[in-house]
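Enquirer: Residues per chain are reported as follows:
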Amino acid sequence: MSRRMANVTFGDDSIRIRLFQAALRLATHFFEANEAGHSNGSANIEELNERWQLLKGDQTVSKYVETLLNELQPLKGQPLFDHIRSKLAKPFSFEQNLLRVNQAALDEVKECVTIWGGAKAQARVKHLAPFPIHLETSDHEHTQFFLQHTPRQIRVRPGSQKTLLRECLILRFSFFHEYLSHAFPAWSNDVEEASEGLLLALEFEWFESQYVALDNELVLRVWSRRQERQGRAFWVGRWLLNQCNSHECMRKFLLEWIGSWDSVELDVNLDLLSQLKGMYEKAGRHLGSNMTDKYKKTKDIIDSILCDPCAKAVWDLRKMRDELANALRPYGPKR
Amino acid sequence: MNLLNLVIYVIFIGEDKSGNVFMTAVAAPNQTRLKILASVLRLERFTVHELCLYAGLERSMVYRELGELADEGILRSTSTRSEEKAGPRHRPPSLYELSQDPAARRRLIEELGSFLPDFEDPSSNRHLKKAQDVLNDLVVQLNRSSEPPRFAELDSWERALRERFDEAKKELQRATWESESDLSEEEAANHPVVVTTRLYDSLEGQFRAQLSKERERQKSEALRTAWGDVFSSAVQIVVPALSHIAAEKLEKIFVPKISEEISLALKQQLDERLELKSEMFPFLSSLQLDLREVRSGPQLLAALAKHAIAYGSSPQQPLVFVRELASESKDFRLLFNEANLAQLAHKPEEAYESWNRYLSGLTAKVGQTPTEQTIVARITPEHWSAEAFHEAVHAIMTECEASVSALSEAPFQSAEESSSDLYLYNPLHTKSGREAAVIPIAGALLEDQRLYVTFSAADPPPVMGLPLFVRADWLRSRMEKRKAWELAAKVAPTERILKVEFFRGATAASRQHAEKILTSSSLSAELVG
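Taken in sequence, the protein lines are chains A and B. The first sequence maps to residues 42 to 376 in my numbering. The second sequence maps to residues 43 to 571 in my numbering.
The hints are simulated quantities; they were obtained by calculation from the structure and are not laboratory data. Each residue gets a CB set at the ideal place from its N, CA and C atoms; glycine is no exception. A few of these clues could be false.
Said to hold, decoys possible - Okay, the calculated bits of chain B under chain A, using three or more residues with CB under 8 angstroms as the criterion:
#1 220–228
#2 234–240
Stated by the list, open to error - Over the 12 angstroms line for every Cβ pair with chain B, so calculated as not near, a few chain A residues:
#3 78
#4 79
#5 90
#6 92
#7 100
#8 104
#9 123
#10 137
#11 145
#12 163
#13 168
#14 224
#15 234
#16 253
#17 351
Claimed, not checked - Cut-off 16 angstroms, straight-line C-alpha distance, at most; resulting in silico cross-link-like pairs (EDC-like, lysine to aspartate or glutamate):
#18 212(B) with 136(A)
#19 389(B) with 489(B)
#20 375(A) with 224(B)
Input sequences plus hints: build the corresponding full structure.
Expert: This is the structure we're talking about:
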């Protein structure tokens, strides 16, 4: 089956879309300078962002780039900014670079699922192909991403100028999230608690395992607002991924489950989601809480339900749902 | 996200077809696509001109988006000019129509939703909210009517409600799992999840009780109908020429013989219905006891008439028996039975004649009842509301020295209403005096007629006969009986008829006040007579 090559389309030519092009270019050159060994960490990002904020008015992309060159002039002599300035003076293809980030994010999803996932997840991720990118305008403060299957595309709505450079610096994570949370799952309708909660937790864990703390701090800073959307499910995910003796176990479970979501009835999946949240409340230990006998018993049962299948890496979701229902029964209202 | 939430976010000012300016919610005044999507969802059918007017956009701004939506199958475009009519020389305007395909519509809503700020309910236990919504809906459904649907509709009613209960249960279970509290502890007794669980248990119990009561009722009705068939067949076998034999001519000597033969025929019939035989024994016993008491031809006919009314499968048979009895008896109540049975046999003129004769008999016996003070009023379904009715009843009771009754063939949706069996007078009177004064009319004869009656008095008199006769009886207190009969036949089953009966101390002012309460309230009652 032939697939259309990923491309970039524009819904309009608003200021935000032009600023996004300029921001992506600046972010690209920043990373190139990093590669060349010129980075000085977060201080450089802050300084670059200050210069970025100086862009004004309704300009063409070239004019924005020209303004940036001028605004970076006072930083002459600092290798990082000299490097960026030299790059800004050369031709640049926005589309190619955007597609490069898009492809890199997808490759990273494949790598993540190949390393952390089980057989089902690995089989599924192999078939993922890059999505075309469509840029359009909204007046939302923050950049928004929507992966849609019909027509196949990732819709990007750039946020305000204030947030845009940081968004472009973590664009790889944002695309990574779109692919893993919205293209990889084997469901026909998005389940936000899983995509924006549990899977987001796994995505953070992957990035934490792959990148330095500084990069992760930037991701966290930009994504903290989005985490709030399914905040509880996100923290449930963080807790879940740390259960069992080996952390690999729950990573594998999560990817196997979501990667074969439609292999069981939706109710089984939704029940499991609720039960995982319930387990977090009942078997997750809170600061200052007492280790009651009830807690210990529940923890033991839940450890066994979740972790025993790790050796074979096969989870019977229906059985698991029924066992978790029994484990959580003592916490229900007395009838 | 539902459309309701969506409309709250999407606000903009436009002008409708009549030129009235209106304001809808606006989240982002500069977003062309957002405005177009929201307008498409709101208008559903429109020309470009209408869309632009509604969304506040220029024509040039909408064509590309409309084209894309049409390509995606979300919009369908046709010419507004019909083929027959001669149109203007220029191109006729296109009429756009939102696709009826739910998937296309959903895509539109999803895309619109994606433009908007976070629309997902942020509350951590959305399952609880969903369960509460479903249960609220179930409260309404379970209390909508004082009784569940009948027969064929009962299964679908059960299925629909069971599905909703399952949904509530599922959501409540998830809410329980997700709860941050240990709901088993006593301190959690008033936790919203626990309270909702109690509501679920109670509603589900109510549903099961209602269902089982209705199933029992239906089973009993089916059994009565089956017995009616058995009874009718047996009587036909034994006394095929009964209708031609005057009751008085049935010699005393034949009565025990005929009774015996009927019993025998019934037993034979029951032997052919082994599956129901034991369940039909109570009916057989009842008839046997009555037959044991009969000592004369008229009593035999009366016993057969009684059982044919209470269990029969056709009005013809009891009508023959009752007519024969009435012709020979001085008991004018038999004429009331005859009138009702004639009506059930679709003989309205005969029904009226019998009713007329019954009223004459009644007047001769008890004299004219003082009804000039009574108010009778009609309320159309559009004006009916249980709340307004309650208010009016309360005001009349406390301010007008009167009592109020109301009847209808449609439920009142009030706690006090009662829908009971419809009754006729018991034609059988024996020396033992063990017979009830009234007997219910068999369901098979009634063809689903129902009567709902509500009274403000604590101990109301029994309501006798078919709805038509009850209505006619109420109306004749305000008009001549022929007119009352004709009006009673014309009244729609969904209309409510009210009767206000004044106490001894009531004055003309009381009556005027009651009339004012009924006519000037939202009930807009129409006074009769």
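Enquirer: Run every hint past the structure and note whether it holds.
Expert: Evaluated hints:
Only residues whose C-beta sits within less than 8 angstroms of a C-beta in chain A count toward coverage, and the segment 220–228 of chain B has 6 of them, enough to reach three; the restraint holds. Chain A is given as covering the segment 234–240 of chain B, and this holds because 4 residues of the stretch bring a CB closer than 8 angstroms to a CB of that chain, at least three being needed. Here residue 78(A) stays apart from chain B, with its beta-carbon at least about 41 angstroms from theirs, past the 12 angstroms limit. Distance check for residue 79(A) against chain B: the nearest CB is about 39 angstroms away, which clears 12 angstroms, and the non-interface claim stands.
Look at residue 90(A): its CB is around 25 angstroms from the nearest CB on chain B, clear of 12 angstroms, so calling it non-interface holds up. Once the 12 angstroms rule is applied to beta carbons, residue 92(A) is consistent with being away from chain B; the minimum gap is 27 angstroms. Under the 12 angstroms C-beta cut-off, the non-interface status given to residue 100(A) relative to chain B holds; the minimum distance is some 18 angstroms. Non-interface status of residue 104(A) relative to chain B is upheld: no Cβ of that chain comes within 12 angstroms, the nearest being about 22 angstroms off.
Against the 12 angstroms criterion, residue 123(A) stays outside the reach of chain B, whose nearest CB is about 39 angstroms from its own CB. Under the 12 angstroms C-beta cut-off, the non-interface status given to residue 137(A) relative to chain B holds; the minimum distance is some 26 angstroms. The Cβ of residue 145(A) sits about 25 angstroms from the closest Cβ of chain B, beyond the 12 angstroms cut-off, so the non-interface label holds. For residue 163(A), the condition that its CB be more than 12 angstroms from all CB atoms of chain B holds, with the nearest at approximately 30 angstroms.
Annotated as non-interface, residue 168(A) keeps its C-beta farther than 12 angstroms from every C-beta of chain B; the closest such distance is 23 angstroms. The non-interface label for residue 224(A) is consistent with chain B: the shortest C-beta to C-beta separation is roughly 16 angstroms, beyond 12 angstroms. Against chain B, the non-interface label of residue 234(A) is violated: not every CB pair exceeds 12 angstroms, the least being about 9 angstroms. Listed as a non-interface residue, residue 253(A) keeps its Cβ farther than 12 angstroms from every Cβ of chain B; the least gap is roughly 31 angstroms.
Listed as a non-interface residue, residue 351(A) keeps its Cβ farther than 12 angstroms from every Cβ of chain B; the least gap is roughly 23 angstroms. Proximity of residue 212(B) to residue 136(A) is assessed by CA-CA distance (about 48 angstroms); at most 16 angstroms being required, the pair is judged violated. Taken as a hint, the residue 389(B) and residue 489(B) pair is honoured in the structure, with Cα atoms around 15 angstroms apart against an allowance of 16 angstroms. Restraint check for residue 375(A) and residue 224(B): satisfied, since their Cα atoms lie roughly 11 angstroms apart, inside the 16 angstroms limit.
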